[in-house]
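Undergrad: One letter stands for each residue in the lines below.
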Amino acid sequence: MKIALVGLSHHVASVELRERVALDRAAAAVFARSLGDAVCLSTCNRTEVYVSGMDEHAALVALEELAGESLEGVVYRLHDEAAALHLFRVAAGLDSLIPGEGEILGQVRDAYEAASPGPVLDHVFRDALSVGKRVRSETAIGESPASVSSAAAALAAQVFGELAGRRVLLVGAGRIGELAAANLASRGASIAYVVNRTVATAGELAARFGGEAVGLDGLATCLGDVDVVVTSTSAPELVLHAADVPARRHRPLFFIDIAVPRDVDPAIQGLDGCFLYDIDDLEAVVADTLAGRRVEAARAEQLVAAEADRFRTWLASLEVVPAIASLRARAEEIRSQELAKVQGRLSDSERRTVESVTAQILNKLLHLPTVRMKEAAVTASGAVYADAVRHLFGLEDER
Amino acid sequence: MVEALFWPALFGYGEAALAYASARTSRAATWGVRLGWLAQTALLVVQAVRTDGFPWATWSGSLNLFVWLVVGAYLIWGCRPTFRLLGLGVMPLAAVLFVVARLGGGTGAQGRADYSNLFLVLHVGFVLAAFAGFTLAAALAAVYLWQESRLRRRDTRILGLRLPPLQLLERLTKRMVAISLPLLTLGLVAGIVRQSRDGGGFDALEGVTALTWLVYGGFLLSRPVGRRAAYLALGGFALVIVARLALAGSHFA
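Protein chains in written order, with numbering that gives the first Met the number 0: chain U, 0 to 398; chain L, 0 to 252.
Check the hints yourself; a few may be wrong.
Some chain U residues well away from chain L (every beta-carbon gap over 12 Å; in silico) [stated by the list, open to error]:
id : residue
1  : 63
2  : 77
3  : 189
4  : 234
5  : 280
6  : 281
7  : 330
8  : 355
Covered stretches of chain U (in silico footprint by chain L; criterion: 3 or more residues with CB under 8 Å from a CB of chain L, positions within the stretch not fixed) [unchecked claim]:
id : stretch
9  : 265-275
10 : 284-298
11 : 303-314
These aren't lab readings, by the way, just hints derived from the structure by calculation. Just so it is clear, CB atoms sit at the ideal spot from N, CA and C, and this is done for glycine as well.
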């Protein structure tokens, strides 16, 4: 066994348990180092410990200490190929709550960079990062938004293209509205105004986004100066009426109404240049994009499986690599000893010739056995070949 | 030689017309456009070398040149992944018109052109370039109306099958018209100068072309936005179709 994984995730563990074993980047690095050759991947959805060259029992005990309870029946334990395949799926976002979410790849990278993994873990994590990147670039799994707030920003981009420089009016200080505004801001839009019944509450949010706080009475005035309107008030009646929209605008106005009951008069959708999406529309769009993600996930699984297969071959080759190295070292040792015996009887030129010829003989002689052993390594007989070579050439002591 | 170049060009355009239908084959479609256009460019060069005079002065010959201009204009930015669905509109049209040009004998090398002078070259060249620009403007306007309708209907697949953003489509439509109208003006001036020098009566095609000029001139002056701009661009293109396909025979005769 070269790699072992012990961990728990959103699939099997409650949020309370996940919270207890969650570690920030620095703590995860310390945790991994305390175990030896290990990497600890800890996010809000999972805590997983990958170890190499040892049993995973120590890692399980350490996790149980964090959890303050036995984790039998909750944790999963995987070894070698299965552990690698799991890590590849995690890095590709295929094991995430929302298939294809991109944040996990950065978290895998952080965990890898914070730890000091040995050669096997180093290899498997580098492969995982590579396959994660490939999945994102070669499939469309991460292209579509997976939440209402990101869908709202993506829809605004369908109207305006680049959102840099677009001005946003945020009506209400609700959490979802704030998320939508943050999403728009992350794409370059500026939150120009925050309108709320209580101006002080609007002020707090406006200060965070660098906008201006306005009372509800100033709402209609702001409409003439913005491109996107996000509403999320808890008002029981409509807050924005069709009559509030300036009559002649020369650019589109995009309304995102996340409130229930709705804030925006549906008649606005009929106005020239105005587009309105309410919470039902946004959820329908997200449902469609998630369905698309699932289709892309099938393609991503193929990429991951191919990478896991390559890793399996590499892992298997580790069985025979020490035997090959010992064989070559022994051959080289014999060659050097025999050359030393005739050293004094040869001129410089003759010595160089003999050295070159004997090196070539060695290489040619060992080439085929080396290739055959590597081929055998991916089959069940790899270990048998390695043992046979050690026995035939007396390499047991060098194991 | 001309035969050997017609078929690769048609194959490229035809392949693009079909391959643009799927996102997975859109890269192959773009290569079809590029290779087809290169083959047609070579065909035009061979025509120019082998013909004594201006080889595209016939109706079908000018249609051949028109297709080349449309695809060339499309190649400038239309091959970007964002505009994949624009290719689905432009390339089938290009392939069909290219076949029509061949059926009319416009892709061959005649040996000697019936008539040829500098004003004619300028007239045909500028007018066709302008018409190619108006064709692309109309394609952009059509995509605009489609995208606008999807947003208005709140199409749930809008993020699955992405079209270019509305404002980008509107901006490019206006830019194409702004580039094409001066070309049409130059083409008309060249035609008027030739006609006043060589004589000849005012025909229906000239009337429709003048009307086209007025529509697009009105477009630039009134600076319409949104749907109005798209409808106006399409209205102008309807006149281009009439001028290019319905009335061209009488003018070239």
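Undergrad: Work down the list of hints and note, for each, if the structure agrees.
TA: Okay, the hints, checked on the actual structure:
1. 63: For residue 63 (chain U), whose nearest Cβ neighbour in chain L is about 44 Å away, the distance exceeds 12 Å, so it holds.
2. 77: 34 Å, holds
3. 189: 17 Å, holds
4. 234: 23 Å, holds
5. 280: 4 Å, violated
6. 281: Incorrect as stated: the minimum Cβ-Cβ distance to chain L is 9 Å, not above 12 Å.
7. 330: Answer for residue 330 (chain U): holds, closest chain L Cβ roughly 51 Å.
8. 355: The assertion about residue 355 (chain U) holds, with a minimum of 51 Å to chain L.
9. 265-275: holds (count 4)
10. 284-298: That given contact holds, which follows from 5 residues of the stretch 284-298 of chain U lying within Cβ reach (below 8 Å) of chain L.
11. 303-314: Our answer is that it is violated, as 0 residues pass the Cβ test (under 8 Å) against chain L, missing three.
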